[in-house]
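Residue numbers (this note's numbering), protein chains in the order written: chain A, 1 to 555; chain B, 1 to 136.
To be clear, the hints were calculated from the coordinates, so they are not data collected in a lab. Among the hints, erroneous ones may be present.
[Unchecked claim] The calculated lysine-lysine pairs, modelled on DSS-like cross-linking and capped at a C-alpha distance of 25 Å, are: (1) K293/A to K361/A; (2) K181/A to K104/A; (3) K251/A to K181/A; (4) K67/B to K110/B; (5) K6/B to K327/A; (6) K361/A to K252/A; (7) K549/A to K251/A; (8) K475/A to K510/A; (9) K95/B to K331/A; (10) K67/B to K434/A; (11) K85/B to K110/B; (12) K85/B to K95/B; (13) K510/A to K2/B; (14) K30/B to K361/A; (15) K2/B to K331/A; (16) K95/B to K434/A; (17) K251/A to K30/B; (18) K434/A to K510/A; (19) K67/B to K95/B; (20) K181/A to K315/A; (21) K460/A to K434/A; (22) K331/A to K110/B; (23) K95/B to K62/B; (24) K252/A to K4/B; (25) K460/A to K62/B; (26) K104/A to K315/A; (27) K110/B to K510/A; (28) K510/A to K4/B; (29) K4/B to K327/A; (30) K95/B to K510/A; (31) K2/B to K327/A; (32) K62/B to K252/A; (33) K95/B to K460/A; (34) K327/A to K252/A; (35) K434/A to K30/B; (36) K475/A to K434/A; (37) K251/A to K361/A; (38) K2/B to K252/A.
Chain by chain, the residues:
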Amino acid sequence: MTGLLGEGLLLLSICVCIYHLFFKLHYGDVVITLCLVGMFGIFLYAHVTDDFSLVNVYQHSHTQKPLLYKIAGTWGSHEGSMLLWCLLLSVYHMSARLLRLPSKFQSTLTFLFTLLLLSFLFFLYMGSNPFERLLTPPLEGQDLNPVLQDFSLSIHPPHLYLGTLGFSMPFMLSLTSLIHKDIARERIRQLHITTIVALSFLTTGILLGSVWAYYELGWGGWWFFDPVENLALIPWLLGVIGLHITLITFKKGTHIRLCMISNMAPFLSCLLSLTLIRSGLLNSVHSFALDEKRGLLLSILSVFWVALSVLIYRKYPIPSRAVVEDKPGDKLLLTAMGFITFSAIALIIGTILPLFLDFFKSGITLSHRYFFETFIPLWIPPLVILPFAIWRRVRRRTMGRDILRHTSHIGLFLAVIGIALSSFLHDEDTCVMKVGERRQLCHYDLELLNVRTVNGPNYKAVQGQFCLYLNSGEKHFEAEERFYWTQESRHLESALLNTGLSQLIVLFVKNPDTTYTVKVISKPFIMLMWSGFVLMILGLILSFITRVKVLKKSL
Amino acid sequence: MKLKLKRFSTLFAILCCMGGTFILIGLAFKNNIRFFVTPAQVYEENLIHHTHLRIGGVVQEKSLLHKGINHTFYLIDGIMSIPVKYTGILPALFKEGQTVVVEGHFDPEKGTEFMAHTILAKHDENYKPLLKKAPS
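Required output: the full structure, derived from the provided sequences and hints.
See below:
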C-alpha cells in the first residue's frame, strides 16, 4: 500500500511538472515540492517501520538496525539518494523566489528548472524507482553495510547533494541571463551569492566524507584520489573558479562571457560526475553495482543538458565590448584560476582516461601517485600567487576587516601547512601485545589494560581498553574489532585521540592465539589541517552573511 | 603595436603553461599505469620481475596462516595460485573465499613468494564478487 502510494505520488509529480512546463501553474514549484516531500515522507516511513514490501527497504535495512541509521538509510542507497536529490532540487527551485527576479526572467527560470526536475523524475521512475515492490514481503531485511553505519557518514550525502544541486542555481541563472540578455550587476551578485551557498555545502560534504574515511576506513588516510572523490572535487574546483571570476565581473564589469561559462561549468560537471558514479563504471571503494540502464539514462540526461547549455550560449551571445586592459591584480587572479583549471584537467584525465583505456586493454589502473605528481605541483603557482595578491590589497587601515574577509584563504593556508606537516611527519607502528603489556609505539607510551567482549545492537565485539601515557597525564580509550552477525562481516572500530595539534589512530585486532595486534598511526599537526578546512567553510558562510546583509540594506 | 605585442606575449605564456601542464600530465600518467592481472596472467605473461604488480583473485580456503603480524595465504583464480605474504593488519573485509586485490612485487631473490604492501578487499552496495576470468 505504502509503495503504491509513493509511486502514485511520483507519477503525479511528473504530471504536475509537465503541466507546469506548458501552462504555468501558479505556485507550481510549491506544489511539486510538496509532492516530493510527501514521497520522501512515505519512503522514510517505510524505512523506519521496516516495511519490507519495498525492495529498497528489504535490500538496505534490518529490524535491528539503530533508528538513526534507518533514517539515514533512506538516502544510503541509490534509489533513496535520487529521491532526496529530486526533493532538494525542487527546494532550490523554490528558493529562487527569494531572489525577487523580474517576472519574465523568473518564468524562463521556472521553465528551465522544471525541465531539469522532470528529467530527474523520469530517471527516478524509469531507472531507480524507490517504490519498487515485492509481492510477498519478506520478514527480515538484508541490512545496510555496517561500515556505513556512522554519524558523519549519515550526514555526508545530504551535504554533498545540497552542494552539488546548489550549483543548479548559478547554472540556471546564467542560462536565463543569456536568454534575456540580462547581465545587470544585480544578476552577477545573485550568481555570486548562490555560488557561495553551493560551495559551502559542497565543501562541508567533502570534508565529512574525508573525516569519515580518516577514522573509519583509511586508517589515517583522508584522501585517496579515489575516482569518486575526484569526481566530487572537480565540481568543487570549478565552483571555486566560478566564484572568483564572478567576483571580478561583479567589481569590474569585465569578463562577462567567462563569468557565464564558469557558472555553468560546475553544475554540468556535477551531472557528468553523477553519470559516471551511478553507472557503476568506476572501480572504487564507493562502487555502485554496474547498471547499464542507469548509466544510459543518466548519459542521455547529461548530454541533453550539456547540449542545451551550449546551444543557448551560442544562440544568445553576449555582445563583445571594447577590450579593457586587465589590471595587474586581475591578471594574477586569472593566472591562479588558470592553474586551478589545469589541476582540474589533470584530475579529469586521471579519472576518466583509465576508464577509457580499460575498454581496449582490460585491467589497466592508474596508481594514485599520478595525482601527487600532477595535482599538487599544479597547485603551487596559485598558492604562491595568493599571499602576494592579498598582500597587495591589504594596505589600508582596515586590517581587522581584511583578515575577516580572507578567512577562507587563511583557512586554505592553514590546511596546506597541516597537510604538508602531517604527511612528512607521518609515522606508523604495528606490534603484537598481551594484556597488561606496555610498549612504545610511534614514540608514544601505550599500555593494553584489559580486553573484554561487547554486545552491540547488531554486532559483537572484542574490545581493547588502553591507556596512553603523556606528559600531560593519562588518556584512557578503547578500540574494537566488531563482527556484524547480519552480514557476517568483520569491521575495525579504531580509536581516535587528540594529542595537542596532532592525532593518533589506534587499531586493535584479536589474533588466533591469546595475543592482540595493535597498530598506531601518528599524524603530527593534522589538527592544523582540520581547522584549516573548517575555517574555509566558515569564511564562505561569513561571506554569504555579509553579502546578504548588503542586499537587504539596498532593498 | 605595443598592444599586439602584449597580447601575443600573453597568449604565448598561456600556451607555454598549457604545454608544460600537458607534458607533466602525460609523463605522470605514463609512469603510473599499473596493470591489474590474474594469477594465471602473471605466469603466462612472465610478470614475476615487475616492480609494481596488482593481482586480483580469491583467497584460497584454508590457506590463511598467521604468525603474529605476518600473514600468508594463497591467491587463486581457479587456474593458478600465488603464495602471498603480508605484514600488518588485514583489512576488515578480508577473509577466506573473498575477492581481494594485492599490490606489491615478488621477492627479489627467488621470485616465488609475492610480498604485498597493500591488500584491498572491497565490496559494493550490492555485494557481487568481481572475478576476472583468465583468457582460456
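For K67/B and K110/B, compute the direct alpha-carbon distance and say whether it is at most 25 Å. Holds, because 21 Å separates the two Cα atoms, which is no more than 25 Å.
For the pair supplied as a hint, K181/A and K315/A, confirm whether the alpha-carbon distance does not exceed 25 Å. holds, 11 Å
Straight-line Cα separation of K6/B and K327/A no greater than 25 Å? The given pair, whose Cα atoms are some 13 Å apart, holds under the 25 Å limit.
Holds or violated: are the alpha carbons of K95/B and K510/A at most 25 Å from each other? holds, 14 Å
Given the proposed pairing of K85/B with K110/B, does the C-alpha separation stay at or below 25 Å? Distance of about 14 Å is within 25 Å: holds.
Has the given pair, K2/B with K327/A, been kept, meaning a C-alpha gap of at most 25 Å? Holds, because 16 Å separates the two Cα atoms, which is no more than 25 Å.
Below or equal to 25 Å on CA atoms is what counts here, so check K251/A against K30/B. With a Cα-Cα distance of about 43 Å, the restraint between K251/A and K30/B is violated, given a limit of 25 Å.
Do the alpha carbons of K251/A and K361/A lie within 25 Å of each other, as the hint requires? violated, 51 Å
Between K85/B and K95/B, is the straight-line Cα distance small enough, at 25 Å or below? holds, 15 Å
For a C-alpha distance cap of 25 Å, please report whether K510/A and K4/B respect it. violated, 73 Å
Holds or violated: K110/B to K510/A, with C-alpha atoms at most 25 Å apart: Roughly 32 Å between the alpha carbons, so the hint for K110/B and K510/A is violated.
Given the hint that K2/B pairs with K252/A, does the C-alpha gap stay at or below 25 Å? holds, 24 Å
Hints 6, 9, 13, 17, 22, 27, 28, 32, 35 and 37, counting from the list given before, are not met by this structure.
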